[in-house]
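S.K.: So the sequence shown is numbered by the working numbering: it starts at 27 and just counts up by one.
Calculated directly from the structure, the hints in this document are not laboratory data. Note that the Cβ used here is the ideal one computed from N, Cα and C, for glycine as well. A hint or two may mislead.
[Stated by the list, open to error] Calculated lysine to aspartate or glutamate pairs in the EDC-like style (CA-CA distance at most 16 Å, straight line):
no., residue 1, residue 2
1, Lys44, Glu110
2, Lys133, Glu150
3, Lys133, Glu94
4, Lys67, Glu79
5, Lys43, Asp142
6, Lys111, Glu79
7, Lys111, Asp142
8, Lys67, Asp109
9, Lys118, Glu48
10, Lys133, Glu110
11, Lys43, Glu57
12, Lys118, Asp140
13, Lys133, Glu147
14, Lys44, Asp140
15, Lys44, Asp69
16, Lys111, Asp69
17, Lys111, Glu94
18, Lys43, Asp69
19, Lys133, Glu106
20, Lys118, Glu134
21, Lys111, Glu124
22, Lys43, Glu94
23, Lys111, Glu134
24, Lys44, Glu57
[To be verified] Pairwise CB distance ranges, derived in the manner of DEER restraints:
no., residue 1, residue 2, range
25, Leu98, Asn38, 34 to 44 Å
26, Arg63, Glu106, 18 to 28 Å
27, Thr131, Pro86, 28 to 38 Å
28, Glu57, Leu98, 46 to 56 Å
29, Ile54, Lys28, 19 to 29 Å
30, Ser65, Gly132, 40 to 50 Å
31, Phe130, Asp85, 32 to 42 Å
32, Asn121, Met27, 16 to 26 Å
33, Phe103, Met27, 16 to 26 Å
34, Ala88, Ala49, 31 to 41 Å
35, Thr131, Glu57, 31 to 41 Å
36, Pro86, Glu129, 12 to 22 Å
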Amino acid sequence: MKIHHIAIICSNYEVSKKFYTEALGLNIIREVYREERQSYKLDLAIGDQYVIELFSFPDPPARPSRPEACGLRHLAFSVENVDEKRQELIKKGLNCEEIRTDEFTGKEFFFTQDPDQLPLEFYEM
C-alpha cells in the first residue's frame, strides 16, 4: 500500500493555487470547476507523481493549527538539501522556522506554512 493523494481545502483558491504552484513548484495536472458545488479542484504533482488535490468551497470553517489539535498535523516533503530549500522559500517571501535536527534519525528539517496556516515540513532525504 502507498499514499495516493492528500486533499487540502483552502480558504482562497487563487492565493493557494499560486502558493502551491509558484512558491512550492508543484505541477498542475488538471483544474476543474464544479459548478454544482461552487468548487475548484486542482490536481497537483511533484514531478510526475500525483500528490495533492486542492479544493475550494464557499466559506469553509477554519481548522485550528495552533495550539496543535487532533487530526492531521502537517504535510511533509522530502528534499535533498534542507538549507537550499529553506533559502529558496525565504527568497519567495515565506516565513520559515530555523532548521532543526531530528533526534532519532539525525536528519535536518524545518517548517513553514501555507496561506491557511497548514504546517508544511521539509525533511532531508
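S.K.: Hint by hint, note whether the structure agrees.
M.R.: These are the hints, each one checked on the structure:
Note on Lys44 and Glu110: the hinted pairing is violated, with a Cα-Cα distance of about 21 Å set against a maximum of 16 Å. Pair hint Lys133 plus Glu150 holds up; C-alpha atoms about 6 Å apart against a cutoff of 16 Å. Pair hint Lys133 plus Glu94 does not hold up; C-alpha atoms about 23 Å apart against a cutoff of 16 Å. Taking the CA atoms of Lys67 and Glu79, the gap is near 7 Å; set against the 16 Å cutoff, the hint holds.
Proposed proximity of Lys43 and Asp142 is supported: the alpha carbons are some 12 Å apart, at most 16 Å. Note on Lys111 and Glu79: the hinted pairing is violated, with a Cα-Cα distance of about 23 Å set against a maximum of 16 Å. Simply put, Lys111 and Asp142 have alpha-carbon atoms about 20 Å apart, too far for the 16 Å limit, and the pair is violated. Restraint check for Lys67 and Asp109: not satisfied, since their Cα atoms lie roughly 32 Å apart, outside the 16 Å limit.
Restraint check for Lys118 and Glu48: the C-alpha separation of about 9 Å stays at or below 16 Å, so the hint holds. The suggested pairing of Lys133 with Glu110 holds, with an alpha-carbon distance near 15 Å, which does not exceed 16 Å. Taking the CA atoms of Lys43 and Glu57, the gap is near 10 Å; set against the 16 Å cutoff, the hint holds. Proposed proximity of Lys118 and Asp140 is supported: the alpha carbons are some 13 Å apart, at most 16 Å.
For a cut-off of 16 Å, the pair hint linking Lys133 to Glu147 stands: about 12 Å separates their Cα positions. Restraint check for Lys44 and Asp140: satisfied, since their Cα atoms lie roughly 11 Å apart, inside the 16 Å limit. Distance hint between Lys44 and Asp69 is fulfilled; the C-alpha atoms sit about 13 Å from each other, no more than 16 Å. Proposed proximity of Lys111 and Asp69 is contradicted: the alpha carbons are some 23 Å apart, above 16 Å.
In summary, the hint linking Lys111 to Glu94 is not supported, as the alpha carbons are separated by about 25 Å, beyond the 16 Å threshold. For a cut-off of 16 Å, the pair hint linking Lys43 to Asp69 stands: about 10 Å separates their Cα positions. Using a Cα cut-off of 16 Å, the hinted pair Lys133 and Glu106 holds, with the two alpha carbons roughly 11 Å apart. At roughly 21 Å between alpha-carbon atoms, Lys118 and Glu134 are farther apart than 16 Å, so this suggested pair is violated.
Only pairs whose Cα atoms come within 16 Å are accepted, and Lys111 paired with Glu124 is accepted, the gap being roughly 12 Å. Using a Cα cut-off of 16 Å, the hinted pair Lys43 and Glu94 is violated, with the two alpha carbons roughly 25 Å apart. Of the pairs offered as hints, the one joining Lys111 and Glu134 holds, with about 12 Å between alpha carbons and a cut-off of 16 Å not exceeded. For the suggested pair Lys44 and Glu57, the alpha carbons sit about 13 Å apart, so the restraint of at most 16 Å is met.
Between Leu98 and Asn38 the CB atoms are about 20 Å apart, so this pair departs from the stated range of 34 to 44 Å. With their beta carbons about 38 Å apart, Arg63 and Glu106 fall outside the hinted range of 18 to 28 Å. For the pair Thr131 and Pro86, the beta carbons lie near 35 Å from each other, so the given range of 28 to 38 Å is met. Roughly 24 Å separates the CB atoms of Glu57 and Leu98, a value that falls outside the hinted 46 to 56 Å.
Hint check: Ile54 to Lys28, Cβ distance near 22 Å, so the stated range 19 to 29 Å holds. In this structure the hint that Ser65 and Gly132 lie 40 to 50 Å apart at CB holds, the actual value being about 43 Å. Taking 32 to 42 Å as the suggested C-beta distance range, the pair Phe130 and Asp85 conforms, at roughly 41 Å. Distance hint for Asn121 and Met27: a CB-CB separation of about 35 Å, inconsistent with the stated range 16 to 26 Å.
A C-beta distance of roughly 20 Å is found between Phe103 and Met27, which places it inside the suggested range of 16 to 26 Å. A C-beta distance of roughly 21 Å is found between Ala88 and Ala49, which places it outside the suggested range of 31 to 41 Å. With their beta carbons about 37 Å apart, Thr131 and Glu57 fall inside the hinted range of 31 to 41 Å. Range check, Pro86 to Glu129: about 36 Å between beta-carbon atoms, so the 12 to 22 Å window is missed.
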